[in-house]
Amino acid sequence: MPNRRASRNSYYFFVQEKIPELRRRGLPVAHVTDAIPYCSADWAKPVSTPLRRPGMLVPKQNVSPLDMSGLSLKSDQALLGGIFYFLNIFSHGELPPHCEQRFLPCEIGCVKYSLQEGIMADFHSFINPGEIPRGFRFHCQAASDSSHKIPISNFESGHDQAMVLQNLYRFIHPNPGNWPPVYCKSDDRARVNWCLKHMEKSSEIRQDLELLTVEDLVVGIYQQKFLKEPSKTWVRSFLDVAMWDYSSNTRCKWHEENDIVLCALAVCKKIAYCISNSLATLFGIQLTEAHVPLQDYKASNSVTPKMVVLDAGRYQKLRVQSPGFSHFSSSNQEQRSNTPTGDSPSGVKISGQNSSVRGRGITRLLESISNSSSNIHKFSNCETSLSPYMSPEDGYKSFSSLS
Amino acid sequence: MSGRARARARGMALSPSAAEVGRIQASPLPLSVALSDSEASSSSDHVGTSRISQKFEGDLSSGDAGCTFKERVGKIRREMMDLSVCTREKLAHVRDCKRGSSGIPVKLVTNLFNLDLPQDWQLYQYHVTYSPDIESRRLRIALLYSHTELSNKAKAFDGVILFLSQKLEEKVMELSSETRRGEAVKMTITLTRELPASSPVCMQVFSIIFKRILKKLSMYQIGRNFYKPSEPVEIPQHKLSLWPGFAISVSHFESRLLFGADVSYKILRNETVLEFMMDLCHKTGMSCFTQACEKQLIGLIVITRYNNKTYRIDDIDWSVKPTHTFQKWDGTEITYVDYYKQQYDITLSDLNQPVLVSLLKSKRNADAEVRMAHLIPELCFLTGLPGQATSDFQLMKAVAEETRLSPLGRQQRVARLADDIQRNKDARFELETWGLHFGCQMSLTGRVVPSENIIIQDHICQPVSAADWSKDMRTCKILSAQSLNKWLVICSNRAERVTESFLNCLRRVGRPIGFNVNHPKIIKVQENPAAFLHAIQKYVDPEVQLVMCILPSNQKSYYDSIKKYLSSDCPVPSQCVLAQTLNKQGMLMSIATKIALQMTCKLGGELWALEIPLKSLMVVGIDVCKDAFNQGMVVVGFVASINPRITRWFSRCMLQRTTADVADCLKVFMIGALNRWYKHNHGLPGRIIVYRDGVGDGQLRTLIEYEVPQLLSSVKEASSSTSPRLSVVVVRKKCMPRFLMETGRTLQNPPLGTIVDSGATRPEWYDFYLISRVACRGTLNPTYYNVIYDDNGLKPDHMQRLTFKLCHLYYNWPGLISVPAPCQYAHKLTFLVAQSTHKEPSLELANSLFYL
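Those protein sequence lines, which keep their order, are chains C and E. In terms of our numbering, the first sequence opens at residue 441 and continues consecutively. In terms of our numbering, the second sequence opens at residue 14 and continues consecutively.
Any given hint might turn out to be false.
As the list claims (entries may be wrong) - Below, simulated BS3-like cross-link-like pairs (lysine-lysine); rule was C-alpha separation at most 27 Å, straight line:
| hint | chain 1 | residue 1 | chain 2 | residue 2 |
| --- | --- | --- | --- | --- |
| 1 | E | K597 | E | K746 |
| 2 | E | K120 | E | K103 |
| 3 | E | K537 | C | K668 |
| 4 | E | K224 | E | K438 |
| 5 | E | K747 | C | K672 |
| 6 | E | K168 | E | K199 |
| 7 | E | K680 | E | K374 |
| 8 | E | K746 | C | K625 |
| 9 | C | K672 | E | K639 |
| 10 | E | K692 | E | K680 |
| 11 | C | K589 | E | K680 |
| 12 | E | K628 | E | K534 |
| 13 | E | K224 | C | K589 |
| 14 | E | K692 | E | K841 |
| 15 | C | K672 | E | K852 |
| 16 | E | K224 | E | K168 |
| 17 | C | K672 | C | K693 |
| 18 | E | K168 | C | K625 |
| 19 | E | K852 | C | K589 |
| 20 | E | K639 | E | K746 |
| 21 | E | K166 | E | K103 |
| 22 | E | K746 | E | K224 |
| 23 | E | K241 | E | K224 |
| 24 | E | K438 | E | K252 |
| 25 | E | K729 | E | K852 |
| 26 | E | K224 | E | K374 |
| 27 | E | K166 | E | K374 |
| 28 | E | K490 | C | K589 |
| 29 | E | K180 | E | K438 |
| 30 | E | K241 | E | K374 |
| 31 | C | K589 | E | K569 |
| 32 | E | K808 | C | K589 |
| 33 | C | K693 | E | K308 |
| 34 | E | K597 | E | K537 |
| 35 | C | K693 | E | K569 |
| 36 | E | K639 | C | K625 |
| 37 | E | K103 | E | K746 |
| 38 | E | K168 | E | K228 |
| 39 | C | K693 | E | K537 |
Keep in mind that the hints were calculated from the coordinates and are not lab data.
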């Protein structure tokens with residue numbers, strides 16, 4: 441039995457599209473569910489319409505990704521494979537308008553992302569902000585203390601601006617050709633743009649990288665997929681979520697060690713999580729570790745209802761042995777040991793193995809069906825009624841309470 | 014009580030009114046600046062300039078002078094702006110009389126003094142032009158004052174506008190003078206306005222007059238207040254000294270002009286920055302000295318005793334030494350050492366000290382280029398209490414003993430100031446030339462309204478003290494409480510034992526008050542915010558009613574992350590408690606009681622009620638505050654009662670991007686509240702009374718023109734036939750007047766429920782003062798209420814009594830509070846959002862007081 445929630449994947453829409461035709465054929469189809477048996481054969485057929493060209497399914501590196509700015513999203517598959525970059529640069533505060541130097545870039549984070557594969561690689565670096573304009577030390581210090589808390593001076597990890605920029609460009613655009621679209625939140629856009637220009641000046645690299653806003657991207661995807669435009673306020677609140685603030689493998693090492701929530705890399709990754717969480721579910725993509733920090737949540741699924749302590753006094757000993765937290769910490773370490781690969785510039789991490797989920801939606805659909813049915817099977821062995829944490833609805837809710 | 018992260022707003026301390034110094038650009042060059050205390054004029058005149066004089070010269074002649082004057086013409090201080098808003102004349106029912114009559118009369122002494130003026134007193138405003146034009150304010154003033162026609166008249170002149178208390182013979186007068194360099198200058202003085210004594214402009218002139226008078230009493234202006242450095246109070250054991258001083262104001266109350274004075278103190282440390290640096294150097298060693306120095310000093314406020322001005326340390330320039338030179342305003346080079354010797358006769362002892370850099374706030378516009386002052390550490394004294402001092406009990410006690418004056422002590426201090434003003438020859442002369450007469454202290458009659466009964470589930474209780482009835486209702490059943498069946502407790506491993514005993518205690522205290530607490534699910538986690546948040550994410554499901562977190566420390570990130578997640582991402586009421594609080598032996602019962610009450614409120618329970626004669630009344634509280642991180646964001650909180658008994662509340666909060674503290678979203682809030690009311694009561698409320706807190710000086714007009722229409726239109730839209738009647742009351746906790754009760758020979762704080770609606774109120778407003786608090790030490794501050802809009806037409810008596818009743822309904826404190834409960838709820842909500850979550854809370858929580 442398929443997961444009720446997952447019904448709105450691309451297959452759902454495919455079937456919906458087919459319904460009129462089936463009715464014309466005189467078949468008794470009232471709902472999508474009725475039509476499914478008649479459509480599966482069509483779905484399995486390799487189609488050569490321009491919309492579902494097989495070549496589109498696997499995005500190639502040298503094929504220039506979609507131009508999201510024009511919102512010319514051709515189809516689901518193209519959208520799924522499309523690669524976006526999320527970029528953010530932090531500054532030690534913002535100096536008043538009459539100053540020549542408006543920002544002091546100190547940290548940069550960037551992730552390579554596609555709906556289908558989640559976060560494919562990330563780039564992070566601290567930046568040497570340079571000399572702090574005389575008289576503004578307090579201003580910068582206060583701004584830093586209230587946000588990312590990166591020291592304004594004597595911070596060894598800060599790299600030279602020219603080098604950071606070079607590495608960033610190598611990360612975003614390793615091969616010649618068109619530049620991929622790069623996004624950041626609209627609130628940060630002015631700052632990121634200024635910092636890029638500033639760093640270009642010092643490094644003498646000229647690249648007119650066009651910075652777009654994530655809000656527009658999300659609106660565009662929704663428009664494309666559902667022909668409806670969500671409000672910007674809604675999109676903004678959907679991108680500003682606290683649930684991943686402390687997730688493992690989200691912040692950079694320094695911010696994680698010092699337990700500071702605001703980190704440039706984390707901001708980018710959280711955008712990716714938010715988009716995966718709400719959009720990928722709608723597209724029927726199974727979420728992987730690359731989409732959202734699953735390892736923190738898998739733990740909750742592994743707790744069997746019997747281990748959950750309902751009465752404080754009686755079950756305490758039992759609960760201590762529950763594997764929940766040790767699981768979390770070990771998976772954390774695994775992620776840590778992920779070493780940078782090959783010739784990629786410093787600061788770049790390529791996530792390797794978890795890109796196995798590829799290709800047609802049908803395979804994933806079948807997989808997810810088999811997964812969920814096995815889950816249900818598992819539940820029925822335990823006391824389903826006692827397991828509020830495990831019903832599919834709730835599992836879903838914990839991820840996308842906003843969608 | 015519970016683990017509230019009481020974050021202090023960032024050190025955005027008052028920036029000095031720095032006007033004296035030259036200007037330099039934001040450049041890494043060690044450009045330098047001199048400090049000078051200008052004697053002739055009271056404020057802004059530029060004496061210094063920088064090495065890049067070429068550029069500045071141009072700047073000064075064109076932009077600077079013109080700009081100063083343009084802004085000064087017709088610019089009225091913000092608090093004066095409110096005075097021109099007359100709301101009372103539109104309120105028919107209080108046009109003749111806004112005074113109540115119920116209650117027992119009580120005789121009160123105020124800190125206000127009569128200022129008598131002749132009946133026909135007028136102020137004459139002139140405009141002065143110079144030909145050829147002169148930009149130096151000093152020179153303008155000197156040229157004008159040298160004339161005999163003006164020399165013996167009372168006058169105030171800022172370089173463009175001249176105020177006189179006597180009319181000149183001609184309407185346009187021409188005078189000519191000669192500068193020292195021999196240039197002939199023609200001055201034209203034109204009469205522009207004749208102002209009656211009640212005009213707001215006159216108030217400003219009176220303030221200037223008193224500023225001069227206090228200067229003559231050897232007081233210095235620091236910020237807005239005046240202090241007397243010659244009579245410091247020393248606290249040697251803590252290296253502190255206090256300068257006594259006053260906050261003053263002159264303004265028009267009911268029918269007369271009154272001078273108000275309140276005692277104020279300036280806390281100074283008897284330690285120069287240089288001494289502080291030396292000390293630090295000994296402690297940390299040379300290697301990381303500069304870093305430590307920057308860390309500790311930057312952001313602190315210092316005072317330079319040679320001119321009694323305050324500055325914030327924005328930077329330290331290690332490359333400049335006192336032996337280096339800088340360029341004075343006239344272009345000559347001088348070393349810092351020589352400058353201080355010449356100007357102030359101060360010899361610098363340490364010639365190797367660095368200089369402190371302070372950014373000067375531009376008075377004119379924010380876009381002007383940055384001006385910086387270089388200060389010598391040796392001459393700078395630290396002010397205010399150091400960060401760690403606020404937690405030093407002994408120190409705070411010593412300071413409080415001096416600064417918290419008893420009513421009698423305060424009266425004596427104020428009376429002495431009045432005495433000094435009357436005795437000082439110069440001061441008296443100044444007053445006399447203006448035609449002012451400093452009169453006696455004003456006393457008036459207030460009324461004490463009867464105390465209120467508290468309604469609990471099965472009986473009505475008359476509390477022993479209205480200030481705190483926690484003892485009276487310890488075993489009483491509260492009005493309603495949901496039982497707590499499914500809830501989580503998250504604690505660290507270390508806090509397991511205390512948590513256990515606390516939970517036992519909670520169950521014990523919960524039963525008698527009618528709050529059933531079931532066994533929670535206890536989750537033990539590691540001591541870090543991430544672990545707490547993960548546990549919450551993992552275990553919270555839709556059936557969980559409440560999450561309690563026993564926090565290991567008051568580190569802000571615990572509280573912030575938990576609150577942010579549980580108030581917007583996953584809306585569940587949460588209760589944070591510091592483990593440290595639970596460790597207090599012997600206090601556990603009372604702590605548990607308070608937490609139990611808080612938890613019932615968070616679950617939507619009601620604690621107590623009051624007899625409110627008005628049926629179908631909705632009360633609303635609105636507060637506005639700035640977001641702690643994002644300066645451009647303003648948090649607006651709105652809390653409305655949704656039942657006639659005024660025990661259940663609907664709370665909403667929104668972040669908006671503005672510079673002014675004015676709310677945009679009131680219509681949405683009000684319609685939401687009315688819908689909620691409709692759902693619960695199957696009808697609309699007959700009356701709505703809105704209490705608006707968080708109003709700054711000069712915002713009254715905006716409030717009337719922008720916020721009241723929003724509320725009105727939403728109320729009108731709610732019903733086509735008879736819409737609810739609306740009243741809007743502005744609540745202010747800070748006000749000038751203080752009231753003291755005479756009892757025999759001594760003075761006391763007035764009793765709870767004292768209302769003052771005459772004498773110290775304003776003729777153009779429907780306003781009153783209410784005392785709804787007690788102070789065990791020090792002097793009480795009354796709360797000021799100004800009814801700016803009133804459709805309800807309640808008698809002043811009823812309005813005052815209702816306001817007093819509403820001060821009883823704050824469920825976080827079993828007693829009276831200083832503002833009406835909805836205001837305090839709104840304040841609590843905005844504080845939570847502004848300090849911790851920075852995000853709009855979920856609508857699902859709007860029906861409970863989740864932010865308590």
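Evaluated hints:
| no. | hint | result |
| --- | --- | --- |
| 1 | E:K597 - E:K746 | 33 Å, violated |
| 2 | E:K120 - E:K103 | 31 Å, violated |
| 3 | E:K537 - C:K668 | 45 Å, violated |
| 4 | E:K224 - E:K438 | 16 Å, holds |
| 5 | E:K747 - C:K672 | 40 Å, violated |
| 6 | E:K168 - E:K199 | 20 Å, holds |
| 7 | E:K680 - E:K374 | 37 Å, violated |
| 8 | E:K746 - C:K625 | 40 Å, violated |
| 9 | C:K672 - E:K639 | 23 Å, holds |
| 10 | E:K692 - E:K680 | 18 Å, holds |
| 11 | C:K589 - E:K680 | 39 Å, violated |
| 12 | E:K628 - E:K534 | 43 Å, violated |
| 13 | E:K224 - C:K589 | 44 Å, violated |
| 14 | E:K692 - E:K841 | 26 Å, holds |
| 15 | C:K672 - E:K852 | 16 Å, holds |
| 16 | E:K224 - E:K168 | 14 Å, holds |
| 17 | C:K672 - C:K693 | 33 Å, violated |
| 18 | E:K168 - C:K625 | 58 Å, violated |
| 19 | E:K852 - C:K589 | 21 Å, holds |
| 20 | E:K639 - E:K746 | 17 Å, holds |
| 21 | E:K166 - E:K103 | 41 Å, violated |
| 22 | E:K746 - E:K224 | 25 Å, holds |
| 23 | E:K241 - E:K224 | 13 Å, holds |
| 24 | E:K438 - E:K252 | 36 Å, violated |
| 25 | E:K729 - E:K852 | 30 Å, violated |
| 26 | E:K224 - E:K374 | 22 Å, holds |
| 27 | E:K166 - E:K374 | 35 Å, violated |
| 28 | E:K490 - C:K589 | 49 Å, violated |
| 29 | E:K180 - E:K438 | 25 Å, holds |
| 30 | E:K241 - E:K374 | 25 Å, holds |
| 31 | C:K589 - E:K569 | 14 Å, holds |
| 32 | E:K808 - C:K589 | 56 Å, violated |
| 33 | C:K693 - E:K308 | 24 Å, holds |
| 34 | E:K597 - E:K537 | 21 Å, holds |
| 35 | C:K693 - E:K569 | 21 Å, holds |
| 36 | E:K639 - C:K625 | 23 Å, holds |
| 37 | E:K103 - E:K746 | 25 Å, holds |
| 38 | E:K168 - E:K228 | 16 Å, holds |
| 39 | C:K693 - E:K537 | 26 Å, holds |
Checked against the numbered hints given earlier, this structure breaks hints 1, 2, 3, 5, 7, 8, 11, 12, 13, 17, 18, 21, 24, 25, 27, 28, 32; the rest are met.
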